[in-house]
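If you read the sequences in order, they're chains A and B.
Going by my numbering, the first residue of the first sequence is number 1, and it counts up by one from there.
Going by my numbering, the first residue of the second sequence is number 1, and it counts up by one from there.
Accuracy of the hints is not assured; some may be wrong.
For lysine-lysine, the following DSS-like pairs were computed, each having C-alpha atoms within a straight-line distance of at most 27 angstroms [claimed, not checked]:
| # | chain 1 | residue 1 | chain 2 | residue 2 |
| --- | --- | --- | --- | --- |
| 1 | B | Lys110 | B | Lys57 |
| 2 | A | Lys76 | B | Lys25 |
| 3 | A | Lys322 | B | Lys57 |
| 4 | B | Lys36 | A | Lys76 |
Just so you know, these hints were derived from the structure itself, not from any lab.
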Amino acid sequence: MDLLQYAGIILVKILIVANIMLITVSYLVYFERKISAWVQDRIGPNRVGPLGLLQPFADVLKLLLKEDIVPEKAFKTIHTLAPLVALFVAFTTYAVIPIGPPEAQLWGVSLFTVAPDLNIGILYVLALTSVGVYAITFSGWSSGSKYSLLGGIRSSAQMISYEISMGFSIAGVLLISQSLDPQAIVGSQAGLWNMVIQPIGFIVFVVSAFAETNRLPFDLPEAEPELVGGFHTEYSSMKFAGFFLAEYANMIIASGMIVTLYLGGWQIPFVNEHTVTNDILRYALQVGSFFVKMGALLFFFIWVRWSLPRFRYDQLMDIGWKVMFPLSLINLIWVAVYVMLIS
Amino acid sequence: MELIGVSFFTLVAIGFGIIAYVTAKILRPRRPGYEKNLSYECGEDAQGSPYVRLSIKYYIIALLFLIFGVELVLIIPWITTLPDKNWFMYFSGLIFIGLLILGLAYEWKKGDLDWNEKTAEPENRD
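If we strip away everything but chain B, and leave its shape as in the complex, we get:
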């Protein structure tokens, strides 16, 4: 019963997108050309592969997201147990959040949260 509203809404949302696509497809002109179909690069012909190399930082961010995202998922069930006023549950939750903060501090100290690479200090050679 409770899922009827949501599933209908999903269908309407998908339907709206498809109807808009089909209407546009019927109405719009189609005159492709060689230069029109090139990918945009400041008006020049595109140079090389579009799949340029990316910084490894993005992958580290994705890993951090996974770790903390999973921890968030673990915290939500803890919240729903609070009405029982169970002190054991309460403190285990708080300890868990403490561990989370420790993890964050570790990442911070390791430098994974710094977006810019730290430029190496010039060595002091006397």
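Just chain A, with the same shape it has in the complex:
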């Protein structure tokens, strides 16, 4: 197949994925509001469209039409760049998450991953997560406001602290799969899911994912009562929407990564080409299972947000460095022993 045709198919696939992603992100906001209303015994959005289902579109339209206020003391270029960086990071990470089996192909192009041949997928994710810190540091520093600066600096310290534990728990997964390709990681969990082999790593990763996405109980960068809006205090209109979308997109990525690394990805126990012989049915089941797992995790993210209080900053740092980091090292050693001696 020539390069041009391949590029064309890939481009169409990316446009489809990007659109699906935008819609999921907007509806995630809707579900967050609905679930929070349910937790707090309220009704939630119910005015725009049936059951309030058109609310996300109304929100986007409103943010588009709002005036954009940039404070006088801000560094305009970096101030404008920061939400773009946040969005860019949140979007590009989707490329490597496998939502279905690699055999499913249409005209020689894998159906269920955007970049199926990227054999360094996990490094790509780690690198992009690190770039995500820049978005928040940029916005905090360039706004020319004390709240933004404090929020930004707190956030970057938090994110780099938890990135370490996250990296080491991912190293445990890589020990099992012995490959950096996300599809290979899913493949290595055909027998036992990583959650069973390394429960400590799973817990460390989930906690770090909460911290990396700045969700409660780790939402210190925003900490509404004490820092107003944290790093995005001085943002309005579409720039604020950038951060907002990025936060929810990051939640989806974090759940996707948890499913891929620890919950067997698209695999269902006892469903393989021998038990379910119909290819299309099997693919549908497997892709469905990926989305069910991801949905459950997203619900968990929202549930935690509306149930737990926020940590104090010193508690947050203590948990990061004195609990999660040693636990991730213990997990790494355990997996190293497991790989060599037991399997």
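Knowing the structure of chain A, use the given hints to seat chain B on it.
Using the frame of chain A, we list chain B on its own:
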């Protein structure tokens, strides 16, 4: 070949952001005013420079991140050598992780991981 997907995705992501910015720029009103453009500080005029002094702890955390981040980068190639069942490589990796734990213990004992300064014990003067 394998980079086509990722690079296109990158372009689409950047393009999306720019399109959203431009659309908003065309649609939204623009009526700046003196007070509107002040940075927010509880409704009062902002006092002093926004660049307040920060705790030195943040820099120590950044240094710790650098150290352990580099060590993480060194561990990943070790993982890819494991399929060879090379016991020498295996144990050198484990020793490396042991050194890492030693380093962490040292930082811990030095108190770099404590966010709150330990308040000095009142001296016992009899």
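Now for the hints, and whether the structure bears them out:
no., hint, result
1, B:Lys110 x B:Lys57, "holds (13 angstroms)"
2, A:Lys76 x B:Lys25, "holds (15 angstroms)"
3, A:Lys322 x B:Lys57, "holds (15 angstroms)"
4, B:Lys36 x A:Lys76, "holds (16 angstroms)"
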